[in-house]
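Below are the chains, spelled out letter by letter.
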Amino acid sequence: MNIHALQQIVHQTRDARRKQTFPRLSVADRDQLIHKYHPDYRASAYRPLRFGPNEGERTVVELATLLEGDSPLDEHVVLTPHYYADVLVIGGGGAGCAAALHAHEAGAKVILATKLRLGDSNSVMAQGGMQVSVAPEDSPITHFLDTLKGGHMENDPHLLKVMVEEGPSIAKWLIDLGVLFDRDADGNLHVKKGGGSSKPRLLTCSDYTGLEIMRVLKDEVINRRIQLIEFCAAIELLSDDDGACTGAILKDLDNHQYVVIAAKTVIVATGGIGRLHIQGFPTSNHYGATGDGLCLCYRIGAKLSHIDTFQYHPSGAVYPEQLVGALVTEGIRSEGGHLVNARGERFVNELDTRDVVSSSIIRECEEGRGIRTMSGRVGVWLDTPLLDIEHGPGTLEKHFPAMVRQFERFGIDIRKEPVLIYPTLHYQNGGVKIDINAETGVRNLFVAGEASGGLHGRNRLMGNSLLDLMVFGKRAGLTAAARAASMKQGKLTLNHLERFRAEAKKHGNVSGVISPMILPAYTRKG
Amino acid sequence: MTMGQNDDNLIDQPEVLQPRMVTIEISGKQYTVPEGITVIKAMWYAGQEVVRGVGCLGGFCGACATYYRTKDDPKVKTCLACQTAVQDGMSFTMMPPFPARKAIYDIRTLQDPKQDLFNLYPEAPLCRNCNACTEACPQKIDVREGVWKAVFGDFQSVATMFMDCVMCGMCAPVCIADIAPNLVALYVSRAQGAHFTEKPMGLEARIKEIEEGRFNDEWNKIFSMNKEELAELCAKVK
Numbered sequence: 189m190n191i192h193a194l195q196q197i198v199h200q201t202r203d204a205r206r207k208q209t210f211p212r213l214s215v216a217d218r219d220q221l222i223h224k225y226h227p228d229y230r231a232s233a234y235r236p237l238r239f240g241p242n243e244g245e246r247t248v249v250e251l252a253t254l255l256e257g258d259s260p261l262d263e264h265v266v267l268t269p270h271y272y273a274d275v276l277v278i279g280g281g282g283a284g285c286a287a288a289l290h291a292h293e294a295g296a297k298v299i300l301a302t303k304l305r306l307g308d309s310n311s312v313m314a315q316g317g318m319q320v321s322v323a324p325e326d327s328p329i330t331h332f333l334d335t336l337k338g339g340h341m342e343n344d345p346h347l348l349k350v351m352v353e354e355g356p357s358i359a360k361w362l363i364d365l366g367v368l369f370d371r372d373a374d375g376n377l378h379v380k381k382g383g384g385s386s387k388p389r390l391l392t393c394s395d396y397t398g399l400e401i402m403r404v405l406k407d408e409v410i411n412r413r414i415q416l417i418e419f420c421a422a423i424e425l426l427s428d429d430d431g432a433c434t435g436a437i438l439k440d441l442d443n444h445q446y447v448v449i450a451a452k453t454v455i456v457a458t459g460g461i462g463r464l465h466i467q468g469f470p471t472s473n474h475y476g477a478t479g480d481g482l483c484l485c486y487r488i489g490a491k492l493s494h495i496d497t498f499q500y501h502p503s504g505a506v507y508p509e510q511l512v513g514a515l516v517t518e519g520i521r522s523e524g525g526h527l528v529n530a531r532g533e534r535f536v537n538e539l540d541t542r543d544v545v546s547s548s549i550i551r552e553c554e555e556g557r558g559i560r561t562m563s564g565r566v567g568v569w570l571d572t573p574l575l576d577i578e579h580g581p582g583t584l585e586k587h588f589p590a591m592v593r594q595f596e597r598f599g600i601d602i603r604k605e606p607v608l609i610y611p612t613l614h615y616q617n618g619g620v621k622i623d624i625n626a627e628t629g630v631r632n633l634f635v636a637g638e639a640s641g642g643l644h645g646r647n648r649l650m651g652n653s654l655l656d657l658m659v660f661g662k663r664a665g666l667t668a669a670a671r672a673a674s675m676k677q678g679k680l681t682l683n684h685l686e687r688f689r690a691e692a693k694k695h696g697n698v699s700g701v702i703s704p705m706i707l708p709a710y711t712r713k714g
Numbered sequence: 017m018t019m020g021q022n023d024d025n026l027i028d029q030p031e032v033l034q035p036r037m038v039t040i041e042i043s044g045k046q047y048t049v050p051e052g053i054t055v056i057k058a059m060w061y062a063g064q065e066v067v068r069g070v071g072c073l074g075g076f077c078g079a080c081a082t083y084y085r086t087k088d089d090p091k092v093k094t095c096l097a098c099q100t101a102v103q104d105g106m107s108f109t110m111m112p113p114f115p116a117r118k119a120i121y122d123i124r125t126l127q128d129p130k131q132d133l134f135n136l137y138p139e140a141p142l143c144r145n146c147n148a149c150t151e152a153c154p155q156k157i158d159v160r161e162g163v164w165k166a167v168f169g170d171f172q173s174v175a176t177m178f179m180d181c182v183m184c185g186m187c188a189p190v191c192i193a194d195i196a197p198n199l200v201a202l203y204v205s206r207a208q209g210a211h212f213t214e215k216p217m218g219l220e221a222r223i224k225e226i227e228e229g230r231f232n233d234e235w236n237k238i239f240s241m242n243k244e245e246l247a248e249l250c251a252k253v254k
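These protein sequence lines map, in sequence, to chains E and S. What the first sequence shows, in our numbering, is residues 189 to 714, in sequence order. What the second sequence shows, in our numbering, is residues 17 to 254, in sequence order.
Note that these hints are calculated values from the structure, not bench results. Backbone N, C-alpha and C define an ideal beta-carbon position, used for all residues, glycine too. You may find that some hints are simply not true.
Here are some, though not all, of the chain S residues that point toward chain E, as calculated from beta-carbon distances under 8 Å [as the list claims (entries may be wrong)]: (1) 75; (2) 100; (3) 101; (4) 180; (5) 254.
Cβ-Cβ distance ranges computed for the label pairs, FRET-style [what the hints assert, rightly or not]: (6) 711(E) to 115(S): 25 to 35 Å; (7) 272(E) to 254(S): 51 to 61 Å; (8) 468(E) to 37(S): 32 to 42 Å; (9) 701(E) to 113(S): 29 to 39 Å.
Same shape as in the complex, but just chain E (with noise of 0.2 Å):
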């Protein structure tokens, strides 16, 4: 059928779901829902790892292949440094960005290397905020709770603490920088309710928070000429006799060569996995979304922690084929915008946390109540139009700049038709397994943002990502520069590598797949 014939549904069934009310679903039937539909829970899509740090826990087989792969380096490679740092920064989003100031703030040499540009990243999609308890009538206690519950309970408590009990002074900070957050008429900053949260908890910049914040965190690194290293990617870390981080050894994307460096502490900031397209779903994710910085870490020896859970963004478009798997923000819920089946119904509460929403969806496609597509896929309704009728014509434009454009270069008006949705892979909920100033179990070590885990359980709140990012960034930049001012620069040797093949041969050599990935193989062949 004609998709407008299919869309009006939606505005027939629009008044009277506006006087509905669902609650959220109690921890049992939540646990049910979760248990019967969250891709987190379909067993066959998962096997345990065969050997290294977490040998017999499972996680999904797209990773357990790459974290049992091999280094791309023989043995002979040369490890003369071309470069020193006090602290070498591995990435150059969110997380990477603030740990290569806050170093740098602290008097460290810092050297940042990226894969693609300073800046490209998933932090700079980020459009639904970052959750710091500023309002009156909230606490670092609430959003705690809060977290804690949305997390399955399963959320390392002490690394909770410091990064709610630090939001606020994250937020002073940004804005000291120059970040426009959206304030209320008294100057103070306007707060939003997000999926989960008891109270309204996220600043905002409209729906572009990830690119305002980007924008100023990418000039203050240029501003601080901190050393940059941009296109190229870490493909394997360098260690001591006694298993210290030392350094890394970098492949230069545009001539190929490897590049050696010499640090005296390392920050990994990479960044997820959503490229991996993990039990074949679309991502909302950036091109380099590739799990780099787990590999790096499971063969020097860290514990990851929480690898068997990621989230799945329940608003993921479907339609246009042009958008598929490109995020709606959840802002649109959070300002009243209702999910609905083909047959015009509501079937959850659109603010419950997003591995509920999410289930919900997959269970009305799963019963035969979605909306399809030619290209096999399969949605809900999310009724954007809604926004408009009830907070008044301008809303969407107003508050969802970003997502009004997006669907417009395609032809399509949100602010006149419901958009077609389904849940996309969005996030890694868990990591490497990370203490309060982000090290790791392996000396020297670090990782903050959304390649560390333990933070969020099993499943993360909306607005948390942004505000780990800058809480375990800094803590990560702050303890390297503290640490590097003691210490000298360790030898560079890659006995761990020796080690891990060694375990890898004992296991016959399973994966046989080289890891990093770097970047996804999407150029057709032939």
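Given chain E, work out where chain S should sit, using these hints.
Leaving out everything else, chain S in the frame of chain E:
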């Protein structure tokens, strides 16, 4: 996605079942690709490895700034390659990195940001009103107007107008006065935020509360709870 249902809720997309192939030109070479895929996907379809020129793939990062022309139209336009569909006869090439000069400053210690603009970007007031920057902007920002507002000290308006700016930099190569408007606007927006925006009192109050240990008793209580007690407390938060 398994589905047991009829075709009542199937969106018509004949182009998906029988994709029409179109001929396009990438950096001067001809390729045949399915109509309607994005410019960046057309490059992958044509067998090209793309390292530079892809970023977020969501229209936010400005990595994929591209020049294109449609069939028989002499006008060369600009777009983001991840947000634009190919059509028959389209010819495109990606913008190489452009060496625009970025001024170096410490935003926090500026004494007179509106005057400092002329020291940092002395070319900013030399705009000759050709409007090429506005025409080059894939985000439809009125860039020329923004440059003038910056020069006249209306930093507030510039900050609002350029919130959409993805820093693709396509406004810079076309400027006959060698202005990089995106960089000027970035400076102006940061100065607006750091120097001309009220400090939020609620935030300052919260920071003070935390520093003074206002929540310490509650923290101690929480960290002495067992898992069941904590779950119970979480359930009570509404």
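Going down the list of hints, with the structure as the test:
no.: 1; hint: 75; result: holds (6 Å)
no.: 2; hint: 100; result: holds (7 Å)
no.: 3; hint: 101; result: holds (6 Å)
no.: 4; hint: 180; result: holds (6 Å)
no.: 5; hint: 254; result: holds (6 Å)
no.: 6; hint: 711(E) to 115(S): 25 to 35 Å; result: holds (28 Å)
no.: 7; hint: 272(E) to 254(S): 51 to 61 Å; result: holds (54 Å)
no.: 8; hint: 468(E) to 37(S): 32 to 42 Å; result: violated (26 Å)
no.: 9; hint: 701(E) to 113(S): 29 to 39 Å; result: holds (32 Å)
When the structure is compared with the earlier hints, a violation turns up for hint 8 alone.
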